[in-house]
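J.: Just so you know, the sequences run in chain order B and Z.
As numbered in this note's numbering, residues 16 to 520 make up the first sequence, in order.
As numbered in this note's numbering, residues 63 to 220 make up the second sequence, in order.
Since the hints were made in silico from the structure, they are not lab data.
Mixed in with the good hints, there may be bad ones.
Said to hold, decoys possible - Pairs of lysine to aspartate or glutamate, DMTMM-like flavour, derived with a Cα cap of 20 Å:
1) K369(B) with D24(B)
2) K450(B) with E243(B)
3) K123(B) with E258(B)
4) K447(B) with E136(Z)
5) K120(Z) with D183(B)
6) K140(Z) with E242(B)
7) K72(B) with E200(Z)
8) K140(Z) with E243(B)
9) K448(B) with E136(Z)
10) K450(B) with D24(B)
What the hints assert, rightly or not - Estimated spans, in silico, between C-beta atoms of each pair:
11) K450(B) with L143(Z): 16 to 26 Å
12) G207(B) with W202(Z): 31 to 41 Å
13) T486(B) with T93(Z): 22 to 32 Å
14) E136(Z) with S217(B): 37 to 47 Å
15) I430(B) with A66(Z): 29 to 39 Å
16) G214(B) with V150(Z): 22 to 32 Å
Claimed, not checked - Just some of the chain Z residues that point at chain B, by a computed CB distance under 7 Å:
17) A107
18) P141
19) L142
20) V145
21) M156
22) G165
23) V189
Yeah, the Cβ is synthetic: ideal placement off N, Cα and C, and Gly gets one too.
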Amino acid sequence: MTPLSVFNDLLYGLGVAFTPYNLLVGLAGLLLGTAIGVLPGLGGTNGVALLLPLTFKLGATAAIILLASVYWGAIFGGAITSILFNIPGEPWSVATTFDGHPLAKQGKAGVALTAAFTSSFIGAFVSIILFTLFAPPLAEIAIKFGPPENFAVLLLAFASLAGLEGGDPLKAILMTFLGLLLGTVGFDIVTGQPRMHFGLVSLQSGVNFIVIAIGLFGLGEIFVSVEEGLRLVGVRARLGFREVWETWKMLPRYWATLVRSTIVGFWIGVMPGTGATPASFMSYGMARQFSKHPERFGKGEVEGVIAPETAAHSAGIGGLLPMVTLGIPGSPTAAVMLAGFFIWGLNPGALLFKEHREFVWGLIGSMYITNVIGVILVLTLVPVFASINRIPFAVLAPLIVILSSIGAYATNNAILDLWIMLGAGLAGYVFKKLKYPLAPLVVALVLSDMMEQALRQSLIMGQGSIGIFLTRPIAAGFLLASAFLFLLPAIQGYTRRRARANAAR
Amino acid sequence: MRRAEVLAALALTLVAGVLVREARRLPIAWTGTGPGAGFFPFYLAVGVMVCAAVLVVKTLRANPAKSSAPFIPERAWKPLLIVILPIVVMLSLMDYLGIYIGGALYLGGYMWLVGRHRWSAIIPVSVLVPLALFFIFERWFLLPMPGGAILEYLLYKR
Numbered sequence: 016m017t018p019l020s021v022f023n024d025l026l027y028g029l030g031v032a033f034t035p036y037n038l039l040v041g042l043a044g045l046l047l048g049t050a051i052g053v054l055p056g057l058g059g060t061n062g063v064a065l066l067l068p069l070t071f072k073l074g075a076t077a078a079i080i081l082l083a084s085v086y087w088g089a090i091f092g093g094a095i096t097s098i099l100f101n102i103p104g105e106p107w108s109v110a111t112t113f114d115g116h117p118l119a120k121q122g123k124a125g126v127a128l129t130a131a132f133t134s135s136f137i138g139a140f141v142s143i144i145l146f147t148l149f150a151p152p153l154a155e156i157a158i159k160f161g162p163p164e165n166f167a168v169l170l171l172a173f174a175s176l177a178g179l180e181g182g183d184p185l186k187a188i189l190m191t192f193l194g195l196l197l198g199t200v201g202f203d204i205v206t207g208q209p210r211m212h213f214g215l216v217s218l219q220s221g222v223n224f225i226v227i228a229i230g231l232f233g234l235g236e237i238f239v240s241v242e243e244g245l246r247l248v249g250v251r252a253r254l255g256f257r258e259v260w261e262t263w264k265m266l267p268r269y270w271a272t273l274v275r276s277t278i279v280g281f282w283i284g285v286m287p288g289t290g291a292t293p294a295s296f297m298s299y300g301m302a303r304q305f306s307k308h309p310e311r312f313g314k315g316e317v318e319g320v321i322a323p324e325t326a327a328h329s330a331g332i333g334g335l336l337p338m339v340t341l342g343i344p345g346s347p348t349a350a351v352m353l354a355g356f357f358i359w360g361l362n363p364g365a366l367l368f369k370e371h372r373e374f375v376w377g378l379i380g381s382m383y384i385t386n387v388i389g390v391i392l393v394l395t396l397v398p399v400f401a402s403i404n405r406i407p408f409a410v411l412a413p414l415i416v417i418l419s420s421i422g423a424y425a426t427n428n429a430i431l432d433l434w435i436m437l438g439a440g441l442a443g444y445v446f447k448k449l450k451y452p453l454a455p456l457v458v459a460l461v462l463s464d465m466m467e468q469a470l471r472q473s474l475i476m477g478q479g480s481i482g483i484f485l486t487r488p489i490a491a492g493f494l495l496a497s498a499f500l501f502l503l504p505a506i507q508g509y510t511r512r513r514a515r516a517n518a519a520r
Numbered sequence: 063m064r065r066a067e068v069l070a071a072l073a074l075t076l077v078a079g080v081l082v083r084e085a086r087r088l089p090i091a092w093t094g095t096g097p098g099a100g101f102f103p104f105y106l107a108v109g110v111m112v113c114a115a116v117l118v119v120k121t122l123r124a125n126p127a128k129s130s131a132p133f134i135p136e137r138a139w140k141p142l143l144i145v146i147l148p149i150v151v152m153l154s155l156m157d158y159l160g161i162y163i164g165g166a167l168y169l170g171g172y173m174w175l176v177g178r179h180r181w182s183a184i185i186p187v188s189v190l191v192p193l194a195l196f197f198i199f200e201r202w203f204l205l206p207m208p209g210g211a212i213l214e215y216l217l218y219k220r
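All chains, please: the whole structure from these sequences, using the hints.
T.: See below:
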């Protein structure tokens, strides 16, 4: 793997992405994604899940370009509602509301929007370059992994989910187990025996991942929004060329924040299971800590918009890195995309780079192109996208329910799936209210088969002894890292309690 | 909130227990060809059960004063039921109404009940939106949706 071959592959990928068909697909994805990002109650993960059934007919490369573009669009779009309406269209734009909306109320909506889009674009673009450089060597290493290494990497993925979510780690672990368990319903992958079906024939084909994801994220979100009672009070948006130019001239001053947020975002994105949301919060927090004027944060500091937006988009890109190279989704949205791989007849994992060059490099090439188009699109179309929010909630909520039903039905053509979707929606509502994290459940459900296969093959290799994980250095290293991540919340809790006890004394 | 927390954890413990039983119907130990088919689900179900049981104990031991708010606020019941119950009705009638007619009724009903929109808005929206969806999914993407007995009869005289 020489730098030159990476460059050649990239040129090839840009060529794939630049065909009229793929460009059109990318543009459609961006427009849809931005609309999804603007609409509260319809998230990026859910938007991707809803579109998944539509991609059956597109062909794998166009399909992944569509879904990825929807994701980029949603990340751009999330900022619009955060700044103008103080309502985050997406969880990863919550941190953008802190300073974005105060700016808008001071009449600087244009500055906030331009800063958000531009920094988001810069974060994305640098991350795509990092992605291009890191992906091929990582795939090269991953190709040598045996079952024990695969199992250890998967465990690391779950460990970082449990450790980084915030909230109760025990709940995250429970949700991981539950997701893996749901994945075992149907046929045993090794012996072919039907299992966990409670005697129901319709359960023997397994629990469909897309149906669960649509229920949890789509309906669950709607139920939560209905309960909270949505009301939109917005600031009007106008974005003139002069405002954009003035803001751009300001941006180089914030180079340190941009660099830091990009790196933080990319790193958190690559960590499996976490995504744009924790990245945006962490980056915001760091920007305030490093700032000379932390007291200005929360009252309309441009840096408070730049930091979370850069990190969110950067993490979105980074989240696709383990998905493409190892077959492990770096974020819930990536998990939904990964589910698509199976539908399109691709096996995720290290072999993708060798066997599906068009798919992988087409995706990478399209990331460059769609993000350039995306930033131009949102900068020019802000008023149009902001007006989407005039759709009354009484139309939006039932529309999302109908679209969810269509998406859930299309995967298997089974009415039972619609009931499972409703059940998952109610469960999602309860889980959300009780702060059981949904991301581990969804990621685990997708990875269940891979995890089980890796574990059982490893055990067969070790003739029933778990010693096999400890004698192989790479696997042992990953296991050690996962153990550390699992224990991290407990350690943090302990030191915090100690500190409090000391302070009390 | 606390009661809901305990109940949810208890329910999860119970569900996990049922799943443990289901997993044990297949060999969970080492067989001639490696771990049996029930091995993975069995230990996962045990894992869920242990986590949920610990959560029950943890919540019971926590300070109850901190979480006195009800799980679902009183004012939220009505809007929640208005969303959920019609979905149940729509799914039950899926064989007859299908997704398009059922969806149109759901959309129109919701606009009328919750949005208090005028009929001059409700009728065009609840007719045009499902119609657009019909053309997108049924005609353009050729994804067969449950059309329902009524639509089947109207379109294909079946």
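J.: Evaluate each hint against the coordinates.
T.: Status of each hint after checking the structure:
no.	hint	verdict
1	K369(B) with D24(B)	11 Å, holds
2	K450(B) with E243(B)	16 Å, holds
3	K123(B) with E258(B)	9 Å, holds
4	K447(B) with E136(Z)	18 Å, holds
5	K120(Z) with D183(B)	11 Å, holds
6	K140(Z) with E242(B)	9 Å, holds
7	K72(B) with E200(Z)	13 Å, holds
8	K140(Z) with E243(B)	12 Å, holds
9	K448(B) with E136(Z)	15 Å, holds
10	K450(B) with D24(B)	44 Å, violated
11	K450(B) with L143(Z): 16 to 26 Å	23 Å, holds
12	G207(B) with W202(Z): 31 to 41 Å	38 Å, holds
13	T486(B) with T93(Z): 22 to 32 Å	24 Å, holds
14	E136(Z) with S217(B): 37 to 47 Å	38 Å, holds
15	I430(B) with A66(Z): 29 to 39 Å	31 Å, holds
16	G214(B) with V150(Z): 22 to 32 Å	25 Å, holds
17	A107	6 Å, holds
18	P141	5 Å, holds
19	L142	6 Å, holds
20	V145	5 Å, holds
21	M156	6 Å, holds
22	G165	4 Å, holds
23	V189	13 Å, violated
When each numbered hint is compared with the structure, violations occur for hints 10, 23.
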